[in-house]
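Engineer: Dock chain H against the given chain E, drawing on the hints supplied.
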Amino acid sequence: MKPFTYERANSVEAAAKAAASVQGARFIAGGTNLLDLMKLQIETPTHLIDVNRLGLDRIEKTEEGGLRIGALVRNTDLAADTTVRRDYGVLSRALVAGASGQLRNKATTAGNLLQRTRCPYFYDIRMPCNKRKPGSGCGALKGMSRSLAILGVSDACIAQHPSDMAVAMRLLDAQVETMGADGTKRAIPIADFHLLPGETPHKETVLNAGEIITSVTLPKPVAGTHVYRKVRDRASYAFALVSVAAIFGKDGTARFAFGGIGAKPWRTAEADAAASEGAKAVAQAALAGARTTEHNDFKRPLVERTLASLYRQQEARA
Amino acid sequence: MKFDTPAGPNPIDKGRVIGIAHDRIDGPAKVTGTAAYAYERHDAAPNAAYGWIVGSAIAKGRIAAMDLTAAEASPGVLGIVTHANAGKLSKGNMNTAHLLGGPQIEHYEQALALVVADTFENARAAAALVRIDYAPEDGKFDLAAERLNGVIPPQGFGGPADTKAGDFDGAFAKAAVKVEQTYTTPDQSHAMMEPHASIAAWNGDKLTLWTSNQMIAWSVGDMAKTLGIPKENIRFVSPYIGGGFGSKLFLRADALLAALGARQVGRPVKVAIARPQIPNNTTHRPATIQRIRIGADKDGVIDAIAHEVWSGDLPGGGAETAAQQTRLLYRGENRMTAHRLVTLNLPEGNAMRAPGEAVGLLALEVAMDELAEACGVDPVELRIRNDVQFDPEAGPQRPFSSRKLVECLRAGADRFGWQRRNPKPGQVRDGRWLVGMGMASAFRNNLTEKSGARIGVDGSGKVIVETDMTDIGTGSYTIIAQTAAEMLGVDLDQVTVRLGDSRFPVSAGSGGQWGANSSTAGVYAAAMALRAKLAEKAGYAAEQAQFEDGLVRMGNQSQTLASLAGAQGLWAEDSMEYGDLDKKYAQATFGAHFCEVGVDMDTAEVRVRRMGGAFASGRILNPKSARSQVIGAMTMGVGAALMEALDVDTRFGFFVNHDMAEYQVPVHADIPHQDVLFVDELDDKSSPMKAKGVGELGICGAGAAVANAIYNATGIRLRDYPLTIDKLLKAQAA
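Chains as they are written, first to last, in the UniProt record's numbering: chain E, 1 to 318; chain H, 1 to 734.
The following block holds chain E by itself, in its conformation from the complex (with noise of 0.2 Å):
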């Protein structure tokens, strides 16, 4: 870990502010991803401030009929949250899904939109990595890339997007409200939020310098059997080979998004406008453009499987 200077702000204002003025500035707020990343170097902020204690750890309606969340809602409570729980129970199944009780105690609503890849390569500060170090070249493209994406992918990069909650929030609709630096809000559709690597892979978000996240909010709920479905090598504590988030309505529609295969959370049009065609058309329109290794090809049928397995059980429930 490199010295690093430390504040505790006081205000989102004066965070944003702090933030754009200080070269290598990061915010941090559970630090579950952060702090590792720190201590390989990967990360090498040189100011972190604190945000935990700006207040945004609210989960209140919207005057829409939808929900905000504070940014600083921690995974645990945002999951445990009786009006999610009820109206938008695909968030609280993902959350559950992903990390450990320790962890999700800590992580944060914005800092787990804002965590970083597992790929392998990027862990390893001496191997190429052009998320980690632009220009030096993508170790996992030849190398092992049996966890890494398919879709959104370039080659320069083909690290996954690892969390669970960004995709039952892309699947939602959500909107991530921020502050600038110079005061302006704005609120950002979460399908316009994470970039695809490009030829610039070390650029994931459209924040600019300084910019914060203050909360995300989700519109008013979406009827019908809400679920996760989170496919992986052990039973528990581990990163999603594929999963799906899904929303089956009753009228035989339903809308989908994909964690585990894409460069940022994943969901198509084209996908949700298959969905009375059953499982296999899903995943075709899903895996539009999807670019494989012989390590992670096999998440093709695996998402068509997953997708089946869901189809099965949407069934046995009507």
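Please keep in mind that the hints were generated in silico from the structure rather than gathered at the bench. The model shown is predicted, which means the values in this text are computed figures rather than measured ones. Treat the hints with care, since some could be wrong.
As the list claims (entries may be wrong) - Here are the simulated lysine-lysine pairs, DSBU-like style, with alpha carbons at most 30 Å apart: (1) K133/E x K730/H; (2) K39/E x K61/E; (3) K106/E x K39/E; (4) K298/H x K424/H; (5) K14/H x K730/H; (6) K231/H x K91/H; (7) K450/H x K298/H; (8) K2/H x K462/H; (9) K174/H x K14/H; (10) K106/E x K450/H; (11) K30/H x K39/E; (12) K727/H x K142/E; (13) K140/H x K142/E; (14) K730/H x K142/E; (15) K2/E x K17/E; (16) K280/E x K727/H; (17) K280/E x K730/H; (18) K584/H x K533/H; (19) K142/E x K39/E.
Structural biologist: For chain H alone, kept in the frame of chain E given last:
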């Protein structure tokens, strides 16, 4: 004391303390955090500086240049150890690669420097500033590609490289039923909880090392050899060890570099090998390719059996002796085994829990399942038909010292409900799960090693045992206390056990599942010597004296241990040495594993639903800690079957998934109820304890039972471990 004839009745047979399930006596210290592990010995070395290891970024080559300027100028840095300033170093007998590399580099993450600083954070930050320019060389990293270059490996604990009896080729050619398959197992990491850690302090030319090590005498010897100093000048202290599984059998970089760092900066230095460094810096279980051929008659009776194994290691290293069990487990007059070793420039391969059998049975016991199916014989019945009560390579003149495989198979099958298994694969469903049952024999050689102890009684009648034996979480403290209590007729709480200090008599140490039987036999020897001294002092004939209730009795007379020991206390020291009973008799431990799995009919996720096993391992010294060993080993077998694999990047020559997030071992949610039955057995040819090893038996065959259950559930036979979703999906599609 020499053990060269079978044991007769002896004080251990009383079974007043031995053989009873006791909580571990070190348990309270461990669960209250008062058992100080190596890295926490602030009391012993309060001013220790911190060392951080800089590992090689290449697998093979040389250091072209090393620039320490920036690191040395970094805050808090006290010194940096490199090959250029460490002085002349040799290599330990047990080490394959040098623990401090440079200028030659032998493997990825090989230690090339130790940065010592006033704080942990300063040491780690400065380590990142050490600049090394490399001159890389091409290496070999692909076992399958090198297979044809295999040579006969040196002989290790696993016996000769090759064995044969009868005419395998002729008999196999004529066999009515044949199984011929190749199985592969990956490199595996020990993944013990406590990383390798040491604190070193010099007092003049005397070195004290608080460390975490399974084999104190081996490692003191290798430290002496590496540093070129007398071993009398070295003290190792390792009373608590947070797991080892073979990873801590040897001197490792933490210990050597702590010693070198402390010598350079003139104050104690502590070093832990960081978790992401462990898989590539330390040892691992090598990958294997195994070819098995079995020829049987139509009833499944084996006439010909062959097991050939390929594995790799650094130059000078050894083989993974995965054919060991095939020499002894089943009948067959025509047989051969062979091991071939190829040179690989991956990190050092070495022992991991049940080296040889753990991966050998992953192959052999699946091959037996395939034979059972080919013959239409129940897998349990097939193994019973092929039982043999003597070493099948040597013939009936070398019987087993004890062998209750058949009893384990029958008892295990009954308890598990094996008769409910549908022999036809893919027939049983429970909701979305395809359900299957599988089984496998368990086999692990029984090794006995010389082991010493001293034992004393103090003026209050309390008993103290000292030996350099280690407790790696296995329960050594408790079974040694039980042995002493049994031998001297006192209660368990009257015994204090001190372990893991090189100033104590040399023990067998913890390895090869020989620790429990061998170390308690050493305590038995010392206790017999002390009983003689006590009897003599009491004026009783040693053979007639009875030791019970804190008294030495003869007839109607008795004296207390306390009064006989007197204020000075009374001590005796001895060791147990072994004659040739392991040559006259084949000695091994046996069992049977049963497993029920569910395989998701869509996603091919595998979840173990039930496990059960029956084991015969001689006298079970403490059923509670023995059970704990067995279920832990069964869990490790699940890991080997379903998820554990170090992924080799054959371009860069290293294990890519080198942390606990990416190298997956089972978590609690993966492990269901595990039923363990110990079948009654006493082995009078193993030691006066009449015990055998049990700590590794539980992993042997457990993974194969999982694999066979997957086959029974799905009809998919995978032979390339671990049996992951991607492989199951591919096999389904094919």
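Engineer: Now tell me if each hint is right for this structure.
Structural biologist: Structure-based check of all given hints:
1. Proposed proximity of K133/E and K730/H is contradicted: the alpha carbons are some 35 Å apart, above 30 Å.
2. A threshold of 30 Å between alpha carbons decides the hint, and for K39/E with K61/E the separation of about 39 Å lies outside it, so the pair is violated.
3. Annotation: proposed proximity of K106/E to K39/E holds, straight-line Cα distance about 18 Å (limit 30 Å).
4. For the hint pairing K298/H with K424/H, the CA-to-CA distance comes to about 19 Å; that is within 30 Å, so the pair holds.
5. Restraint check for K14/H and K730/H: the C-alpha separation of about 58 Å exceeds 30 Å, so the hint is violated.
6. Our distance criterion of 30 Å between C-alpha atoms is met by K231/H and K91/H, whose separation comes to about 15 Å.
7. Restraint check for K450/H and K298/H: not satisfied, since their Cα atoms lie roughly 46 Å apart, outside the 30 Å limit.
8. Proposed proximity of K2/H and K462/H is supported: the alpha carbons are some 27 Å apart, at most 30 Å.
9. Using a Cα cut-off of 30 Å, the hinted pair K174/H and K14/H is violated, with the two alpha carbons roughly 54 Å apart.
10. Among the hinted pairs, K106/E with K450/H is inconsistent with the structure: their alpha-carbon atoms are about 51 Å apart, more than 30 Å.
11. Under the criterion of a C-alpha separation no larger than 30 Å, the hint pairing K30/H with K39/E is consistent with the structure, at around 28 Å.
12. Between K727/H and K142/E the CA atoms are separated by roughly 20 Å; this keeps the pair inside 30 Å, and the hint holds.
13. Between K140/H and K142/E, the direct Cα distance comes to roughly 18 Å. Compliance with the 30 Å bound is thereby established for this hinted pair.
14. Distance check on the hinted pair: K730/H and K142/E sit about 21 Å apart at the alpha-carbon level, within 30 Å; holds.
15. The hinted pair formed by K2/E and K17/E meets the criterion: a straight-line CA distance of about 23 Å does not exceed 30 Å.
16. A hinted pair counts as satisfied when its Cα atoms are at most 30 Å apart, and K280/E with K727/H qualifies at roughly 21 Å.
17. Proposed proximity of K280/E and K730/H is supported: the alpha carbons are some 17 Å apart, at most 30 Å.
18. Distance restraint check for K584/H and K533/H: the Cα-Cα separation of roughly 34 Å exceeds the 30 Å cut-off, and the hinted pair is therefore not satisfied.
19. Distance check on the hinted pair: K142/E and K39/E sit about 27 Å apart at the alpha-carbon level, within 30 Å; holds.
Violated hints, in rising order: 1, 2, 5, 7, 9, 10 and 18; the structure is consistent with all others.
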